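Peer 1: With the sequences and hints as input, model every part of the structure.
The C-terminal residue of the sequence shown carries number 136 in this note's numbering, and the numbering is unbroken.
If you're looking for bench data, these hints aren't it; they were derived computationally from the structure. Bear in mind that the values here come from a model prediction, so they are computed numbers and not experimental data. Don't take each hint at face value.
[What the hints assert, rightly or not] Label pairs and their calculated CB-CB ranges:
no.	residue 1	residue 2	range
1	GLN108	ARG28	18 to 24 Å
2	LEU13	ALA72	50 to 56 Å
3	GLY98	ASP40	33 to 39 Å
Beta carbons are placed, not taken as given, at the ideal position from N, Cα and C, and that holds for glycine.
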Amino acid sequence: MNDQSAQDFLSSLQDRADEMVRQSEQIREQLGSLTETAGDGGIAVTVSSNGALKDLEIDQRALQRGPEELRATILRLAGEAQAKVAHRVAQTVEPFAGESAMEFLRTQLPVEPEEPAASRNDDPDFDDEPPQTYLR
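Peer 2: Shown next as structure tokens:
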């Protein structure tokens, strides 16, 4: 290998390294501003790009649900938001990652959330009042 071809090789290697640094900075910037919010009847859950809870909003309507339903709704919404943000992160990284890395990443992602089941509070015919008497 002569001096010129070694210099060209090193220059090419430096150009590739510079491009990788530029791409990683671009990904970091995109991921830093990435959030996902899921909402349902007075509750909104927002997670950051790493899936960490970033914000939780609960209004008066949600407080009427009772503790068990409120808990279940918050957990469901957090899971939905985390799954959505994980898939958005994968889409952001995909142009820069190799195919084998993306195949592995997809196996680690949570399942896309399904449409939420209707709540009993959504059913206008649901009557949660106990009968006044059992005998007539």
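Peer 1: All the hints need checking, so say for each whether the structure fits it.
Peer 2: Now for the hints, and whether the structure bears them out:
A hinted range of 18 to 24 Å for the beta carbons of GLN108 and ARG28 is consistent with their spacing of about 20 Å. For LEU13 and ALA72, the Cβ-Cβ distance of about 54 Å falls inside the hinted range of 50 to 56 Å, so the restraint holds. For the hinted restraint 33 to 39 Å between GLY98 and ASP40, the CB-CB distance of approximately 38 Å keeps it satisfied.
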